[in-house]
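*Asks:* Read off the chains here:
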Amino acid sequence: MVRTIDEINEKIERDEVVVLTAKEAYDLVKEEGVKKAASKVDVVTTGTFGAMCSSGVFLNFGHTEPPMKMETVMLNSVPAYGYIAAVDAYLGATARSSENFEYGGAHVIEDLLSGKRVRLEATGTGTDCYPKKDIDTKITLDQINEAIMFNPRNCYQNYAAATNSSDTRLYTYMGALLPKYGNVNYATCGLWSPMLKDPEYRTIGIGTRIFFGGSIGYVAWNGTQHNSAKPRDENNLPIGPAGTLALIGDLKSMNKRYVRGAYFEGYGISLMMGIGIPIPVIDEDMMHQLSLGNEDIKTVVVDYSVASRSRPIVREVNYQELRSGFVEIHGKKIPTGSTSSWALAKEIATKLKEMIVEKKFLLSEPVEPLPKNKIVKPLEVRRR
Amino acid sequence: MSAQIIKKKLILSFSPELAELPFTYHLVKDFDLIVNIIRAQISPEKEGRLMIELEGEKSKLERGVSYLQNNKIRVDSLEKELFHDKDLCVNCGLCVGVCASRALVLDENDELKFIKENCVMCGICVKVCPRRAFEIEL
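Which chain is which? The protein sequence lines are A and B, in order.
In this text, residue positions in the first sequence follow my numbering: the first is 1, and each later residue adds one.
In this text, residue positions in the second sequence follow my numbering: the first is 1, and each later residue adds one.
Derived by calculation from the structure, the hints in this document are not laboratory data.
A portion of the hints provided could be inaccurate.
Using C-beta positions, here's what the derived DEER-type ranges look like [to be verified]:
{"id": "1", "chain 1": "A", "residue 1": "K133", "chain 2": "B", "residue 2": "D85", "range": "40 to 46 Å"}
{"id": "2", "chain 1": "A", "residue 1": "R117", "chain 2": "B", "residue 2": "Q41", "range": "44 to 50 Å"}
{"id": "3", "chain 1": "B", "residue 1": "Q41", "chain 2": "A", "residue 2": "S39", "range": "41 to 47 Å"}
{"id": "4", "chain 1": "A", "residue 1": "E358", "chain 2": "B", "residue 2": "V75", "range": "33 to 39 Å"}
{"id": "5", "chain 1": "A", "residue 1": "E24", "chain 2": "B", "residue 2": "V75", "range": "51 to 57 Å"}
{"id": "6", "chain 1": "B", "residue 1": "E55", "chain 2": "A", "residue 2": "K332", "range": "36 to 42 Å"}
{"id": "7", "chain 1": "B", "residue 1": "D85", "chain 2": "A", "residue 2": "D27", "range": "30 to 36 Å"}
{"id": "8", "chain 1": "B", "residue 1": "N118", "chain 2": "A", "residue 2": "N236", "range": "38 to 44 Å"}
{"id": "9", "chain 1": "B", "residue 1": "K80", "chain 2": "A", "residue 2": "R384", "range": "58 to 64 Å"}
Just so it is clear, the structure is predicted and the values come from calculations on it, not from any experiment.
Built from N, CA and C at the ideal position, the CB exists for glycine as well.
Bound conformation, chain B alone (with noise of 0.2 Å):
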């Protein structure tokens, strides 16, 4: 019987210092994943963060995620969502100035327009948002 293969996309975060670590190199070569880069944000001084889509046995797969997270990797399940409730919103704009990954922009109607495929999952808005209009959900 062959083993559990399964698929998983993950966001990493981690200090400027880790930039140097080649732990894609490890996960390919130490525990057997297939790994694809979907999105990159490293910039100097500032926290780096990778979407990746990870691929390989069930077992291989959490070994390579415990690794990440012995190197002071954060590692978050992209299994969550951001959910922007359009009630509460008052299409202010005041979370598209801290959204770095730009999935929160003013539309041409200066109203709120959510790019969910450039989201990250920082969380930033949640916090910034003087409505609470947005959740993380599971």
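Next up, chain A with everything else stripped away, as it sits in the complex (with noise of 0.2 Å):
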């Protein structure tokens, strides 16, 4: 059995498409078998909402007359990246806020997104053609020209849970680690996960059309860290973080209820974005990977306590276990905390499979493949 894009988009448009939500795709297949359910279902929809820090906006603010050249842009106090021509501007999802340590540039975006005033002070040096030096308004999002959100790294191929052996408590961007095996927090979203359900990445490349932030977006790239060489398991799974995607999309468009701002204490800002892909089932082999539980689906527990950037690997697990809200590590029973939600996850991939059968989301062939091997390099710190 083979089923091309071009026929999926035909039957969408015949009001012929069947399309299910990852959850019940494995439903079917436990009852059905993977080549009954292939034959049947056209579409698997997958979602994930969580905090996704290479985040961001561009902003453009639209000409002052008389016109000026913004360079330190600040919004809310907290500061943008101004050195793109006059009135083009990166808001960071991270940067912090000069006044409260609590909000920045996610919340920022939010506020936009809610249609509230945002402060903007700029300050340029003033040239012949750009004459004004500073500024201090208000803007909505409405007034501005564009907000293109550009996100570098999204949808994480699976992430590594957090653990702490120490003595003392840590606070991370995992959440807060307690002392001695505490707690285990992580961070993907199981059988929803978009980028577990298509692992070779056979349909999502550049240019998928997907669900971001409540509209529709695209994939523009592979994501920053992109580690695609990373090792399968016999599921063709990634234990542990791979490939990443880079997203774009209109955030004028998006709805605020899967744009979040969020502060992790001891830690700093955050955006928590909501996504998802639609995943078509192409052949059977497709719909053997759609139909992979939580039971399938494992990553590594690391130890945060050791400061480096290769952690030591407490054990593997999967994400059935952590879901379940206890894991065991050196047997005890460790209590488990998600930093990302399932319920919005689930209602995701149940809103973006709506659309679909509305025809109000078409799917797309990708442009180009993402690359396949490749590695993630470390930062050496030379003298000379």
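Starting from two chains that each stand alone, build the complex the way the hints lay out.
*Replies:* Structure, rendered in structure tokens:
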């Protein structure tokens, strides 16, 4: 059985398409097997919602009278990067307010999306063509020209879970890690997670249309630190962090429900993003991958008490065990916590399914595949 | 005229060394209080926590509380309440792993459930929540 994207899109147009969410596909294959499910189902929708630090938005504020080249740019006291032409800036999600350390770029993005007025302060050197030297005003999302979200690294294909063997509490981007293996936190949405459902990037590539923050967005490139060469297990799945995606979309059309600022105690700011990717059931192999459940998908638990880029691995664990609320470490039951929302992951997969059925979302063929054998290089500190 | 009788729910937090101190005995014997232990959480090498209800004469109850505080026991009033803002919450469950009294759990729909009766007002969820969805209110 082979199915093309064009055939699926024709079925969408004819109201004949069969779409299931990742969990529904898992249940169907358990009942009827891969072969039968593959012949019945055209598309399986996935979803994820969690902190994705490598995110931000390109803004174009429009020109003042007289014109100005904005260099230092602050939005609600959060610094943005202004050295892009005159009135373009990039606001990074993790940038921090000089006045309130629990507020940052991600919160400015959320405030803009909520329709709130945001204070813009900027300075420039003043040139013949851009004489104005400073500005202090209020902007809204509606009023500025563009707000293009471009996130260099989202949608991690699996992520390591975190614990802490030391005697002191650690505050990390994986949450608070209590001493002496007090808890284990994990980030991936298990069977909902987009990149684990197409682990070899057979259908997800450059140009793929996706659900991005409640709107339609696209895969722009492989994400930074795209580690596609990561070895795979018997299910073709990486055990720990592997591929990533760079995503692009229009902030103006997004829904604030799926774009939320976050503050992790002792670590800082991050942006919680909601993303969904439809996976076309192009053949039976694809259906097999789509049918894998939390019991089949594994990650590693690493010890964050070792402040090194290569932290020791405590054990391997599957998402069923993580999701049960406890994992066993050295014979003890350790409580688990998630940094991502499985409730919203499911909601996004369900919403994406509706969009496809209602012809509001057509599937797309990748323009180029994602690189397959990329590794992540470390940065060595050299004196000369 | 008889003295005013009052009831108060309190949370006592104390370091492991204080586990030996027979303070419930002293509350009864020295201050004439009725002590009802609602919840106890004491484990070796960890901070102990007791949720108790005290009943007795107002002045004696106040002196009893001072006695506890003089013995380095932290006394928090249970008049306080943890407030969970469902609009701010994204149901991630980061609070679940640090909630030792299991007052915060994920239900079968992956949504956060706050079981008020289990809460001992330790406040760790307030600190840990990336969405700042918890507040301890008076």
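*Asks:* All hints, please: hold or fail.
*Replies:* These are the hints, each one checked on the structure:
1. For K133 (chain A) and D85 (chain B), the hinted distance range of 40 to 46 Å is satisfied, since their beta carbons lie about 43 Å from each other.
2. Between R117 (chain A) and Q41 (chain B) the Cβ separation comes to about 47 Å, which falls inside the hinted range of 44 to 50 Å.
3. Between Q41 (chain B) and S39 (chain A) the beta carbon distance is about 55 Å. The supplied range of 41 to 47 Å is therefore violated.
4. Between E358 (chain A) and V75 (chain B) the beta carbons are some 58 Å apart, a value that contradicts the proposed interval 33 to 39 Å.
5. Checked against the hint of 51 to 57 Å, the pair E24 (chain A) and V75 (chain B) passes, with Cβ atoms roughly 52 Å apart.
6. Take E55 (chain B) and K332 (chain A): their Cβ atoms lie about 39 Å apart, and the range 36 to 42 Å holds.
7. At about 33 Å, the CB distance of D85 (chain B) to D27 (chain A) agrees with the hint of 30 to 36 Å.
8. Checking the proposed 38 to 44 Å range against N118 (chain B) and N236 (chain A) shows it holds: the Cβ atoms sit about 42 Å from each other.
9. Look at K80 (chain B) against R384 (chain A): about 59 Å separates their beta carbons, and that is inside 58 to 64 Å.
Checked against the numbered hints given earlier, this structure breaks hints 3, 4; the rest are met.
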